[in-house]
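S.K.: Chains V and S are the protein sequences, given in the same order.
Residue 16 in UniProt numbering sits at position 16 of the first sequence; the count goes up by one each step and never skips.
Residue 21 in UniProt numbering sits at position 21 of the second sequence; the count goes up by one each step and never skips.
It is possible that part of the hints are untrue.
[To be verified] In silico SDA-like links for lysine to any residue, alpha-carbon gap of 25 Å or less:
(1) V:Lys52 x S:Asp18
(2) V:Lys59 x S:Gly93
(3) V:Lys52 x S:Gly80
(4) V:Lys72 x S:Arg41
(5) V:Lys72 x S:Ile87
(6) V:Lys72 x S:His90
(7) V:Lys67 x S:Thr95
(8) V:Lys52 x S:Arg40
(9) V:Lys52 x S:Ala33
(10) V:Lys72 x S:Gly93
(11) V:Lys52 x S:Ala22
(12) V:Lys67 x S:Ala83
(13) V:Lys52 x V:Asp13
(14) V:Lys67 x S:His91
(15) V:Lys52 x S:Arg15
(16) V:Lys67 x S:Asp18
(17) V:Lys67 x S:Gly80
(18) V:Lys67 x S:Ala33
(19) V:Lys59 x V:Ala79
(20) V:Lys67 x S:Ala89
(21) V:Lys72 x S:Ala89
(22) V:Lys72 x S:Ala29
(23) V:Lys52 x V:Arg14
(24) V:Lys52 x S:Ala29
(25) V:Lys52 x S:Arg38
(26) V:Lys67 x S:Arg38
(27) V:Lys72 x S:Arg40
(28) V:Lys72 x S:Val85
(29) V:Lys52 x S:Thr95
(30) V:Lys72 x S:His91
(31) V:Lys72 x S:Ala76
(32) V:Lys67 x S:Arg32
(33) V:Lys59 x V:Val38
(34) V:Lys72 x S:Arg38
[Stated by the list, open to error] Restraint ranges, calculated between C-beta atoms of paired labels, are given here:
(35) S:Gly67 x V:Ala93: 53 to 59 Å
(36) S:Arg32 x V:Arg104: 29 to 35 Å
(37) S:Leu148 x V:His17: 47 to 53 Å
(38) V:Tyr69 x S:Leu124: 43 to 49 Å
No lab work stands behind these hints, which were simulated from the structure alone.
In this text, a Cβ means the ideal position worked out from N, Cα and C, and glycines have one as well.
The residues making up each chain are set out below.
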Amino acid sequence: MSGRAGDSPPTLDRELHHPTRLALAAYLSACGEAEFAVLRDYCQISDSTLSKTLSALEKTGYVSVRKGYLGKRPRTWAALTLTGRRALTRHLAALEEIAATARRAAGTCADGPSEAGG
Amino acid sequence: MNDTGEPMDALDARRAQDALAAACAARSAARRAGGRDRPRRYLVGQGLAFAAGFTAFGLADLLPRYGTWLTLAGLACAVGFFALVWIGAHHGGVTRWFSRDGGPRRSTWELWGAPLVTIGVGALAAVPYGVAGWSIAFGLATGAEHLLRAFLPRQGSTA
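I would like the entire structure built from these sequences, with the hints used as guidance.
M.R.: Okay, here's the thing in structure tokens:
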């Protein structure tokens, strides 16, 4: 399988590879802070799954979690850290590169199918 | 080749495209949530607190007899103002992020015009009345600007 170009492959971040983690990080990247319930509703996952995902991202230093109260109700807020923002940017750039490389490869194949077997 | 017979690179590229689309959709959703209008009571409260606070600071200079109390009242109003900014920003579960790439935009008037007008009003009052005049005029003008923003149609809010 040597479909890739000769240059070094883009580096995907393993911590952001899972779709839920990526969606979570991308959502948080476009806001300052988001409440637990908002994230749960957007990602359409259970409380426990979101809690585990946030804990995992918090361990890697990508997300900071803050607990507080609004009146008597406990509220949990999550925010993407600077490290998380950089990691997300790199991850998205890597994804872009993969997609662009595939597009270029498809274009090359369409241009010269007779050379594909070489 | 993978289990479905598709070349791996093609599958990776499709997954990459899907992931990019999902990330883009998540960002758009967050921007929409963070950029929606907040209830106007936050802007009204901020405007009143700002006006009262700066007026108290200005009067503290003009009325030294009540200076301590007026300064304390001004500080209390400042705390109230920042508390309202904080609570308003967190209303609805998503706070806005400063973004260069899109999101709801505020009008030029809101971004530049209104603050410059309030500073100008303060500067005009400072000519005859000094720092106290600047403080009172700037506070009242900014408070009025907040009230106007609360009751006029708007494109977004900092609350």
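S.K.: Could you check the hint for me, namely that S:Gly67 and V:Ala93 are 53 to 59 Å apart, CB to CB?
M.R.: holds, 58 Å
S.K.: Would the pair V:Lys52 and S:Thr95 pass a check requiring their Cα atoms to be no farther apart than 25 Å?
M.R.: holds, 23 Å
S.K.: Between V:Lys52 and S:Ala29, does the CA-CA distance stay at or below 25 Å?
M.R.: Roughly 22 Å separates the two Cα atoms, so the pair holds.
S.K.: Taking 43 to 49 Å as the hint, is the beta-carbon distance of V:Tyr69 and S:Leu124 inside that range?
M.R.: holds, 45 Å
S.K.: Between the alpha carbons of V:Lys59 and V:Val38, is the straight-line distance 25 Å or under?
M.R.: Given that 25 Å is the threshold and the Cα spacing comes to 21 Å, the pair holds.
S.K.: Do the alpha carbons of V:Lys52 and S:Ala22 lie within 25 Å of each other, as the hint requires?
M.R.: holds, 21 Å
S.K.: Given the hinted pair V:Lys59 and S:Gly93, is their alpha-carbon gap at most 25 Å?
M.R.: Within the cut-off at roughly 23 Å; holds.
S.K.: Does the alpha-carbon distance linking V:Lys67 and S:Ala83 stay inside the 25 Å limit?
M.R.: Between V:Lys67 and S:Ala83 the Cα gap is close to 18 Å, so the pair holds against 25 Å.
S.K.: Is the straight-line distance between the alpha-carbon of V:Lys67 and that of S:Arg32 25 Å or less?
M.R.: holds, 24 Å
S.K.: Are S:Arg32 and V:Arg104 spaced within 29 to 35 Å by their CB atoms?
M.R.: Between S:Arg32 and V:Arg104, where Cβ atoms are some 34 Å apart, the hint holds.
S.K.: Are V:Lys72 and S:Arg40 close enough, with their CA atoms no more than 25 Å apart?
M.R.: holds, 24 Å
S.K.: Quick one, are V:Lys67 and S:Ala89 close enough, alpha carbons at most 25 Å?
M.R.: This hinted pair holds, its Cα atoms lying about 16 Å apart.
Consistency note: the structure conflicts with the earlier hints numbered 3, 8, 16, 22 and 25.
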